[in-house]
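Residue strings, one per chain:
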Amino acid sequence: MSDIPSSLHYTEDHEYVRLTDDPEIVAVGITDYAQGELGDVVYVELPEVGLSLTRMDEFGTIEAVKAVSPLYAPVPGEVVEINEALEGDPSLVNKDPYGEGWMIKVRIRTQADLKELLTAADYQQHIGE
Amino acid sequence: MQWSLIVEPGGRPGHENMAIDDALLRRAQEGVAFFRLYGWQPPCLSFGRHEPAVARYDRDRIAALGLATVRRPTGGRAVWHDAEVTYAVAAPSVCFGSLADTYRAIHGVIAAALRTLGVPAAQAGPQAPVAPGAGACFARPAGGEVIVGTRKLVGSAQVREGSAFLQHGSILLVDGQDLVAAVTRGPAPPSAATSVAAALGRVVPFADVAGAIARAARAAWPGTWETSPPPPLDDWGRFADPAWTWRR
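Protein chains in written order, with the working numbering: chain A, 1 to 129; chain B, 1001 to 1248.
Don't read these hints as lab results, they were simulated from the structure. Backbone N, C-alpha and C fix where the C-beta goes; we use that ideal spot for every residue, glycine too. Incorrect hints may have been included.
What the hints assert, rightly or not - From the structure, some residues in chain A lie toward chain B, with a derived Cβ separation under 10 Å:
#, residue
1, 42
2, 69
3, 90
Stated by the list, open to error - Which bits of chain A does chain B cover? Going by a derived footprint, with three or more residues having C-beta under 8 Å, they are:
#, segment
4, 25-39
5, 52-64
Using the sequences and the accompanying hints, generate a full structural model.
See the structure below:
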């Protein structure tokens, strides 16, 4: 069974949104289920800080087992930080997807944008677990 | 599933081949599936999507040797494309399931096809992950890839977009992968490649290998099959742009 923390928000494309101490900033990454399906992550290509995203924009790509998959923005907003640790150790996505394996932090416009995301229960049903 | 079989034995430049495969991926998102078998003319060095080619390969030496280059939309590492049959499968992701299941299914068909020609092809077991900057594609097999003994006969890579995937790979008719090491800066891991010619002790024509693979695919993957030409393209996009090829 995959780890699906109840405190997070999810997309059908297997990204998660985690709230931070700053109510305007959320952390984005891929779910435990996604990293398990992908296998050993060997590279994560992330955007420049300052990039403006609309929902479902491709914000980067991830490579595992010679397969490249796009990463989609779960919420609109501005990229305010990227996880530079992934450049040196992309396996953090596998080891700790919801913690050290986060990918970008986004300044959201309104908390209302989070309401369009899946709950943990919705996501669990989506992946059939 | 409705399958279109595209066979191009004549070969195309690298940027055309990659643009066509990329176009097939976009078409596959509409629910149709493609199986393409093709060659390269002129021969071409391809880099993986995220491979650090600028640091890893000697661009001046590549130019001095007159080698064509292209960057693939898929992952993995460098491949020298010369005497080979290249396959591309672009299809809805539901056709084969997960990334690993897709590798297994497609490589299983290719291995079975090669065995009908007498090549003792098998599929590699699980392997440790390899970073994009860790050397040539044929320096080591990945899990599920097609091998003869311990040597790699088929190198493949994937990209997934929306509801579809593209997997393409090289089936070596004759091994020329040492060229990758020859243009690598600094030490390069030795090639672990083998070829159909090495396995059988004779050179097998493109048409024989492509025919065997097409037959195996039609037998293994249900649906309607039709032969079709590649999609017409008047713009090769990023694949003709050196800025894409040498982006990192």
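Results for each hint:
no.: 1; hint: 42; result: 5 Å, holds
no.: 2; hint: 69; result: 5 Å, holds
no.: 3; hint: 90; result: 8 Å, holds
no.: 4; hint: 25-39; result: holds (count 3)
no.: 5; hint: 52-64; result: holds (count 3)
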